[in-house]
Amino acid sequence: MKFQIEDVTVYFPYDYIYPEQYEYMVELKRALDARGHCLLEMPTGTGKTVALLSLITSYALARPSPPLKLLYCTRTVHEMEKTLAELRLLHSHLPPTHRSLALGLSSRKNLCVNPYVLSSASRDSVDSACRRLTASWVRAAAAEQPPGAVPTCSFFESYDRAASSGPDAVLLPPGVYTLGDLRALGREKGWCPYFLARQMIRYANVVVYSYQYLLDPKVAGIISREMQRECVVVFDEAHNIDNVCIEALSVSVRRQTLDGATRNLHRMAQEIDRFKATDASRLRAEYNRLVEGLAQRGNLALTDAWLSNPALPDDILKEAVPGNIRRAEHFLSVLRRLVQYLKGRLQTENVETERPVDFVASVSSQAGIDQKMLRFCYDRLHSLMLTLEITDTDEFLHIQTICDFATLVGTYMQGFSIIIEPFDERMPHIPDPVLQLSCHDASLAIKPVFDRFQSVIITSGTLSPIDLYPRLLNFNPVISRSFTMSLTRDCICPMVLTRGSDQLPVSTKFDMRSDPGVVRNYGRLLLEMVAAVPDGIVCFFVSYSYMDGIVNSWNEMGILQDVMQHKLVFIETQDVVETTLALDNYRRACDCGRGAVFFSVARGKVAEGIDFDRHYGRLVIMFGVPFQYTLSRILIARLEYLRNTFQIKEGDFLTFDALRQAAQCVGRVIRSKADYGMMIFADKRYSRHDKRSKLPGWILSHLHDAHLNLSTDMALHIAREFLRRMAQPYDKAGTGGRKTLLSQEDLEKMGEDPMNMF
Amino acid sequence: MMSSKQNEQPVPEKPAATMHGEQLSTTEMEHRMKLLREDSELQKLHKQFVIGGVLTESEFWATRKSLLDDDAQRTSKQQAGFKSAMLADVRPSTDGRTNKVTFSLTPEIIHQIFAEKPAVHWAFLNFVPSKMTEKDFWTKYCRAEYLHRTKNSVVAAAEAAEDEELAVFLKNDDILANEARRKIRRVDPTLDMEADLGDDYIHLPDHGILRDGSKETVDAENDIARRTLSQDLNRHAAVVLEGRALDVELGDTRTVAEALARSKQAESSAETSDEKTNQERLKRVSRMTEIEDLQAPHSLPYAPLCIKDPREYFDSQQANALKALGDTDARIKPIDCSLSTEEAYIYLMEQISEVKVRGLNNPVVQPEAALKVLNGLNQYLSSTKYHLGKNPQESVLDRLPNRTKDELMHHWTSIQELLRHFWSSYPITTTYLYNKVLRLKDAMTQIYHKLQETKESVQSDFRHQVSRLVQPMLQALDAAFAHYDTEQQKQYNKGVSKPNGFVQ
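The listed protein sequences derive, respectively, from chains A and B.
Letter 737 of the first sequence, counting from 1, is numbered 1019 in the working numbering, and no numbers are missing.
Letter 267 of the second sequence, counting from 1, is numbered 1045 in the working numbering, and no numbers are missing.
Since the hints were derived computationally from the structure, they do not count as laboratory data.
Where hints are given, some of them may not hold.
To be verified - List of simulated lysine-lysine pairs, DSSO-like, C-alpha gap at most 30 Å: (1) A:Lys284 x B:Lys1233; (2) A:Lys558 x A:Lys729; (3) A:Lys887 x B:Lys1061; (4) B:Lys1214 x B:Lys1233.
As the list claims (entries may be wrong) - Part of the chain B face toward chain A, derived, beta carbon under 7 Å: (5) Ser862; (6) Leu954; (7) Ala958; (8) Val965; (9) Ala973; (10) Asn1012; (11) Gly1021; (12) Ser1064.
Source: prediction; values computed, not measured.
Where is the CB? At the ideal position from N, CA and C, for every residue including glycine.
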């Protein structure tokens, strides 16, 4: 359908539209008009993504100059695929003259088609296998020698030949390109899909990629450097964006890292000796360049770029490298001293927490390395590795980590802390010392994005309380709104279960979680539900270790066997391959009608981005409140920072964080108004007002008072009633004055009479 | 009871169809015969009406087109899958006096072990006749299982070091790992978390936040006994979902093992091409993205269920459901009943006033008709309750003598069949339909009489119940007769313009 929002013609790929989608688009358009940032919370199951895509695409079509580009950031690759699929649907509804180019971007691991490179297992080895074939000095050597003597990548070579005659030669025809499409295209044309995609994002109208390509300076430095100001940046599913931001600036050093770094330094010293003997001029040239103050070597070949500086672009020093680390040997000895110093620090018996200022002072006094030298560590290392023509970057990750750490600690005095722990709190008998530089200030990493781009849109199904995010991320949204959901029928049924079938309270509180009575009550709840609920059921637990424990207990009690009488059981494990296959099987079990239960972990990979809509999830059970591990030193340090800087109370933040995770887990059951699903919060703590009130409004508005304090048998009764009600036919468009589905006609009527809108 | 006896009945004396001179292919005939064989109820109806000459073969099947179409897609016979419960999870039993632990393996279990643990399957094929006897093999397997179960990893490691055959059972399964690598390429991209891992530069080794409590570090040092319960569960569910690929008798272990190996080979060679899988993936993705209110519904592929005796099956399902309800609802019901009259009155008044204010949402039925039915049901319920007491699991039918019960049920299905044909014949436009209605009416009259007889013949204690049961059937028949008569009257009034004269 096609309709007008003020002066913009909006193309929408369906015949009907939900009123909240329309409202959402109106707000979004105002934000774009104002060229400001906005914060929008909209319930899951109301087609947020398609509303976003269709408005921004239509807006860009209505205002062709300056060309507006959409950078759509997703949490995960599978969400990227979903977004691209929606975009494809939208594209088939655009007028043919308005076709634009949209593509997804991912790492070499997901885009490469060279069979030799692909045979490497991990991401880092794929990256370095690619460099081994495509680095500029490798290609130069290959050009000198007879063909075949030095292996190169035929895909890259033919792409490079094609691209050398100008960017138009490789410009993709308009359309939507998923990662799979890019790979297929690469195979067909014999071009390297990765570098093609990297090139194409300059010309594309829509780029879909993961958060880190904008937020993590290491990656953003190479990928997103050239993006113009005329961009609309969307962060979808952004409820965890603060965590991504702080993770992007955090580094940890373990004993293995230091050992690896020592080995790396040893090898580099050998390389330097070799070059001195054969090609001393190269080292001298590097020295001269550094004297002239060029830490970065101007125009790097596309393939030589490695992970970029870990510090944010505004904070990188644009001055000459200090004299005492210009010579390669001197730099190596500085690094050796640093590694030695860190080794000494790791030998501590106690937990130590330090501010970066103190740490830098102590490095300076004990190892003789000053702050400026620390800050240049990354750039100096990068330059040295290029000089030494090192291609196997995956081997040098350890020393890279050390230099990242040094650069960050030398750059930031505020918002960070250094924590040294001799062992993991939960396994005190296993010595595993870690030195962690952790960032507490989420606004640091996202600041360049807010500054650089015209509009940044942060949206998710769970942004409650909505006034907290602007504080955490330190920005001023022009529009910040939380939408409710107009339902045709009560198709979501949240319940709070506080007692088991024996009327004893259930909870995952620390003192209760291992109580066999609680474990049994949770098991009985699941057992009753698998017998009553059709198709798929999803269970979320508070942590992996808790899930492992409870599944083992259920196995011993025989509850698991009884559950399996009714449905197949699949479990999320820490192995992604296995989890992916389990999920795939789970979906197939739901498709074929056998029905299945999926056990998963809040804050885990599955909770982050997998939908359990329609028959894939008729019920979600959240066992317990997913609080963070409150004894974690890092968390304690962060809470202290939040209290001092933003006046956010510890308890408030912890509850907010736990409840957004819980809401995120249960919010995955519903995808449209025709869908339906139940949500059980199984913990007595949910019945308390201070916890419950942190849930997003669209869940709260369906949580009846009568459903706040249930026991297993009452919940079962409600579930049966609910399912019976949902099985009845209903009027999809909604009746009377409360329309839940709008047609083009309705919209036109509304346009004529704007006062009568909602 | 009776139903099980019906199953033993031989194949019906079939080729009745040819008598009516219809052109049917042999496959079609066979198909119909198969349907009759599988459904005893259908078979009985067929025998009564088609062979009894009331309906023709094509008339009989015309109302069951969906059955024919649906089944036409199905070629192979229905195969029982694996049980959902973990069979291969052999539980050891101890006799309590000695230290002996006993495992018992059946062919069913062995088959499942082979399917779920390719390493064991592989070992069996390689070791068994040449290196050790079958008994030794399973003893060793059970020993390994026992070690694994007791989580005695030190002993397990020691024994595995000594005994390489035992080690096979304890080590990680390489075949499984390879299979996983192969399968992951065909997975739906919208849930491919492996690709996600390949894109995640924030969590480069030692980057990001390491120990904030949400992630737990695992030590993957010893490769023995790392097999966890979760892995076993996932593997089991995957195998159950794949279903049983074998059609050999479970008996000899060797043949089972070989057949399984053959089927696996066939499967891997029949691996679909890249392009086809890509298309399949695309289709799944687009299905995941569409918003369903606005699209035509997709029908997912399903395996049709074939039930030998539907009535017995559904009766037993109902009994199960009632039993399950008994636990919870039995406790709730008395509370419901204990509402005082006043409370009930107030509640009802509230409901009514609410309806008056808002109006009914979807008035599907006419209020008068609904009221009539409700009254009838109420009366019926209270009378049966009076007779039966409070046991909800027993229905009126169960108290009747078996013979009467079966008779009644049979009449009921016959009447339904006849009525369906009867009403679908109106309006009568051809002589053919006219004759058909005539035939149907005669058959219905017969049943009417039979019902009356049944009613008369039962013992006096049941007479009331039976007449209650028979009443709706009689009413339905009466309605049909009445319709027939009025139609007849109309025809008569119209005069003799009809080509065929009147018999009566």
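Results of checking the hints against the structure:
no. : hint                  : result
1   : A:Lys284 x B:Lys1233  : 68 Å, violated
2   : A:Lys558 x A:Lys729   : 44 Å, violated
3   : A:Lys887 x B:Lys1061  : 24 Å, holds
4   : B:Lys1214 x B:Lys1233 : 28 Å, holds
5   : Ser862                : 5 Å, holds
6   : Leu954                : 10 Å, violated
7   : Ala958                : 5 Å, holds
8   : Val965                : 5 Å, holds
9   : Ala973                : 4 Å, holds
10  : Asn1012               : 5 Å, holds
11  : Gly1021               : 10 Å, violated
12  : Ser1064               : 6 Å, holds
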